[in-house]
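Letter by letter, the chains look like this.
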Amino acid sequence: MSQDLDQLKQEALDRLQTVSSEDELGAWHRDFLGRQGKVTTAMRGISELPAEERPGFGQAVNALRNELQQAFDQTQDKVLAASLQSRLESEQVDVTLPGRKPIPGTLHPVTRMIREITRVFGLMGFQTVEGPEVEDAYYAFDALNIPQDHPARDVWDTIFIESDQREIVLRPHTSPMQIRTMEQIEPPVRVVVPGRCYRYEALDATHEWHFHQIEGLAVDTNITMTDLKGTLAEFARQIFGQERKVRFRCDYFPFVEPGVDFAIDCMFCEGSGCRVCSGTGWIELLGAGMVHPNVLRYVGYDPDVYSGWAFGMGIERIVMLKYGIEDIRHFYQGDVRFLSQFNRVLA
Amino acid sequence: MKVPVRWLKDLVPVEMSSEEIAQRLTMAGLEAEGIEKIGIDWDKIYVGTVLKVDQHPDADRLVLATIRAGEIEQTVVTGAPNIEAGQKVAFAQLGARLVDPYSEEPKMMTLKANKIRGVRSEGMACSEKELGLSDEHEGILILDEDAPEGAPLRDHLGEDVIEFEITPNLVHAFSMVGIARELGALAATSVTFPDLTDLSVAEDTPQLVDIQAPDLCYRYVGVVIENVHVEPSPSWMQRRLNAAGVRPINNIVDITNYVMLEWGQPLHAFDRTDLAEGRIVVRRATDGEQMETLDHVHRKLTSDDLVIADAERPVAIAGVMGGVDSEISDDTTTLLLESASFNMLSIRHTAREQKLRTEASSRFERGLDPNLAMTAARRATALIKQLCPNATVTEIADQYPAPREQKTVVMPRSEIKRLLGVDFPDDQVIGVLQRLELSPKHVENDGQPGIQVSVPTYRNDINLKADVVEEVARVIGYESLPETLPVGQTAPVMIDPVLEFVRGIQDSLSAAGMNEVITYPMLDDAELGLLNPDGDEMPAQLGLARRPDIPFVKAMNPLRSEWRQMRPTMLPAILRNVAENLKYNPLVSVFETGRVYLPEGIDQLPDERRTLCAAIAGTFNPADLHEHAREADFFDLSGILAQLFEEIGAKNVELRQGSHPSMHPGRAAEIVADNTVIGIAGELHPIVAEQFEIDRNQRVAIAEIDLPLLMELGVEKFAYRPVSRYQPVQQDFAIVVDEATPAGSVQRVLENATQPMSTSVQLFDVYRGESIGEGNKSLAFRVTLAAPDRALQDKDIDKIRKRVEKQLKQQVKGALRS
Ligand SMILES: [Zn+2]
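Chains as they are written, first to last, in the working numbering: chain A, 1 to 347; chain B, 1 to 818.
Next comes chain A alone, as it looks inside the complex (with noise of 0.2 Å):
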């Protein structure tokens, strides 16, 4: 019976030398470990032995079992390493080729620039707000100051809507909601309002008649103009870098008083003076001052116990000096190639 053993357990080896593939790997396993395989068959003729041989015999087919397990573990390691080698090498790929790239969107670059200037006054402590575009001119101008026939009223091209009794038109400035926030709530009051505005004015490189203002505006006892300097500062910084240098100077705007014109040195020449800044050095970015008498008293704020400062700026302005864009009429005629463009998750 021995002799069988031996036999076997060559035939058996011999075998697993010529095994290469997980398919053979399997079927060796059966034919020889498995349930119905030849070392199993072998220890079922145990029974046919007599008694003093069967414990030897036992021994021996254990000892066999034994041995092949091992042998077919090595050569099963030996198969699947060679399969996964091969399959790796088979795998390679040209990691140049174009990535999946999932179909990129964007916003507009206002809308990313007035969420820009909102984030930074909102961690001021200014809340954003909206207001009607289409707008009684009480609003757009009387209760700003600029009362009917003013010459000022000339400094807005305005368009107006079509109505009998009442002056309505399309708002020029968002400075309207200066007067809408402060009827609707006492102060403290610290608010930024985006929106689109209008104007009667002949489109060109650096005109549109419709565009985006941001509002600005705090009223409470103890604001002052130093406070609209230093709040005016911290914007621009935030928005074009904190190496900028600003400066204010006088201005006229009918519902401030004192005026400012704000201005930041040129980043295109460092304030040497260029085509951008015509020359000077600056570039205004907007108009603010401390909220006229008149306004607050329009409103039923004390003028003499309460001060405020408002501001108010071009949108489209401030993302053509950030981002160097040379025309204003791109951000309306839609093209997408323009649009996509502002797809960075950072400013």
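Read the hints as simulated data drawn from the structure, not as lab findings. Backbone N, C-alpha and C define an ideal beta-carbon position, used for all residues, glycine too. Some hints here could point you the wrong way.
When the alpha-carbon atoms are kept at most 25 Å apart in a straight line, the in silico DMTMM-like pairs for lysine to aspartate or glutamate are as follows [as the list claims (entries may be wrong)]:
(1) B/LYS441 to A/ASP154
(2) B/LYS2 to A/GLU284
(3) B/LYS9 to B/GLU159
(4) B/LYS417 to A/ASP23
(5) B/LYS651 to B/GLU712
(6) B/LYS417 to B/GLU483
(7) A/LYS101 to B/GLU163
(8) B/LYS300 to B/ASP274
(9) B/LYS2 to B/GLU163
(10) B/LYS355 to A/ASP154
(11) A/LYS245 to B/GLU479
(12) A/LYS245 to B/GLU33
(13) A/LYS245 to B/GLU31
Reference excerpt, derived from the structure (chain B facing chain A, CB under 8 Å, subset only) [unchecked claim]:
(14) TRP7
(15) GLY29
(16) LEU51
(17) ASN169
(18) ILE462
(19) THR519
(20) PRO586
(21) ARG790
A few chain B residues that don't get close to chain A, going by computed Cβ distances all over 10 Å [to be verified]:
(22) ALA147
(23) GLU203
(24) GLN489
Fit chain B with the ligand to the supplied structure of chain A, relying on the hints for placement.
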């Protein structure tokens, strides 16, 4: 306003460069828009003396002039009729750069030696045009006799001209004297005022002027001057006028313009012999009254217009322009000089109605000081006497019914600190106010220290204490203000939920691959008519909106007729965008969260409704290594919308089969929340596409949704669901329903019936075939089920299947296929 710097420095002798002057005034509120440097390119041009003038040997109309400029002596050939020996002229050496006098466009040329009729010309005696001073090219420019020979012309005639923007509040600075006052206050330098004639010696003749409309004319000074001699004004005056941008005409007209530039008071000179009865009546025009103004336009007037008339007819439109009938001519010897003050609103009205904005009207409509009228009359008279030594003032009338008095304003001393946030020493504040001629005085104000100022009548911009604070701040300089941040209470936090909602929608759609656009919110009827596939009329349904039975919100003065009314729908703008972008891009996927403007009736503000419009058209993966190209269709858009609704928690929003005039009849949906239509979606009708210049075979999926309604009706609060720790079970349901039953309804039944166990219900196949009977379809759903607290058993699944079966039968007449 153009300010020649030499002239300015005559009035206020500051030691500052033009750049410094421009910068100081800019900081103080008078913005310099630029500095023109006359003579900056006058290289190789000198003051020369004409030594002799000889006839050209071969040409009658040419002369040979020998000109000396210091060391240089040259002979030039010239045809100038006015050249004479002994004159000082502008002599250009070879190589000088001059304006080409024969070019239509402004063009520079370099002077070269050339032979004219056989005689070599070595340089040129220049005309004003060649020097760029004016358009004068009849003869050469003759310089003053005392011009220093040999000096560069630039030093003698060069001039810097600063152009200032005068804001509407700055009427007091709308003149040379006014700017000199400003600069004087800033630079602490006194102003040297020009000479004025004393008119009190002339005979007071009140009947010379009759003001019949005292509400529109506050003052009228009329001065009669005899024995004037009309001729060109002297070169110094012409030069200043040219530099300031006013064309010289004759000495009398030039003087009125010169005084207007100097003092800001427009004047007018009439030939008195042309005035009926030689007198002036200031009155309203009669309706339909006509006159011809100096620009030779016949003007029709109304009773809203103020005119200057003689005893019979209008001779000028008050404050705007004179008439041709009484124009100063070369023969004029007796003048009536007008220096008057008018109601600013009236002048503004007339100038606007007549579309005639003049130097005079632009000053009057800012509100001139009536006290200035006499100053200007005296100054003009002084100049007339200077230029016409024989002239005599014979009569004067000063009609001034209500003389304007000085105002006083009291500013509490604490106001500077309260408004500015910083204070300045008392002597500095008082010094500034003194330099501004505001005569400051310390006073007690409600028991507190204050400063009282007396405001000169020419300062109509100082009325309130805040105005005084601004004067102090701008003269000391805004640049000296420190930067601080506001202190005190922060306002209570209120976040506008609508803005947050819109922001979420923008984020969701851009994350889904769409480009946000912003379009013009105005259009016209024709554009709305394009939404109709069956004609030009605008359809009953305009995007989401119903066509209103009241007029749209319309602009009275649109920039273009196609931007006439505020849009009731965003569809046309987005379709225009799609059409344009399809020209350059294989796939267009855009959205806008703008507004539509629904009319509420005349004299009412419209309902500005925040609206979403989104569209997709074109080809996905047109050239892709990994994916096949595929045409975008309705389901690309509806999928993005489904994702959006999920992300904003709009669980109750569903799409229902619908119909819409602008949409493909078989591919149109209503977007419904709480049984209210809040939006539309569909593929565009091919004819409508074509009308928007899109190929009719190009599918365009487009949707318009009312955002306030979506927010109000659709959005549910977020409810967290713990993740089950147990293995989820996937169950497939094949459901047979009538062909007409929308899949969405079946899906909804399945979702409800499998709650709360189902975490996902996914339709993955639609099958039609004999085995399920004609007119039916089978919808295959894969449902993922899990319980939070246990592994699901077969009996749980059985229970769910039974419930599904029952509800399908009841609600959609559906059956489970086994
Ligand atoms: Zn620059």
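Consistency of the hints with the structure:
{"no.": "1", "hint": "B/LYS441 to A/ASP154", "in the structure": "37 Å, violated"}
{"no.": "2", "hint": "B/LYS2 to A/GLU284", "in the structure": "22 Å, holds"}
{"no.": "3", "hint": "B/LYS9 to B/GLU159", "in the structure": "12 Å, holds"}
{"no.": "4", "hint": "B/LYS417 to A/ASP23", "in the structure": "93 Å, violated"}
{"no.": "5", "hint": "B/LYS651 to B/GLU712", "in the structure": "12 Å, holds"}
{"no.": "6", "hint": "B/LYS417 to B/GLU483", "in the structure": "14 Å, holds"}
{"no.": "7", "hint": "A/LYS101 to B/GLU163", "in the structure": "56 Å, violated"}
{"no.": "8", "hint": "B/LYS300 to B/ASP274", "in the structure": "21 Å, holds"}
{"no.": "9", "hint": "B/LYS2 to B/GLU163", "in the structure": "4 Å, holds"}
{"no.": "10", "hint": "B/LYS355 to A/ASP154", "in the structure": "14 Å, holds"}
{"no.": "11", "hint": "A/LYS245 to B/GLU479", "in the structure": "12 Å, holds"}
{"no.": "12", "hint": "A/LYS245 to B/GLU33", "in the structure": "21 Å, holds"}
{"no.": "13", "hint": "A/LYS245 to B/GLU31", "in the structure": "19 Å, holds"}
{"no.": "14", "hint": "TRP7", "in the structure": "24 Å, violated"}
{"no.": "15", "hint": "GLY29", "in the structure": "4 Å, holds"}
{"no.": "16", "hint": "LEU51", "in the structure": "43 Å, violated"}
{"no.": "17", "hint": "ASN169", "in the structure": "5 Å, holds"}
{"no.": "18", "hint": "ILE462", "in the structure": "10 Å, violated"}
{"no.": "19", "hint": "THR519", "in the structure": "6 Å, holds"}
{"no.": "20", "hint": "PRO586", "in the structure": "11 Å, violated"}
{"no.": "21", "hint": "ARG790", "in the structure": "37 Å, violated"}
{"no.": "22", "hint": "ALA147", "in the structure": "32 Å, holds"}
{"no.": "23", "hint": "GLU203", "in the structure": "38 Å, holds"}
{"no.": "24", "hint": "GLN489", "in the structure": "5 Å, violated"}
Checked against the numbered hints above, the structure breaks hints 1, 4, 7, 14, 16, 18, 20, 21 and 24 and satisfies the rest.
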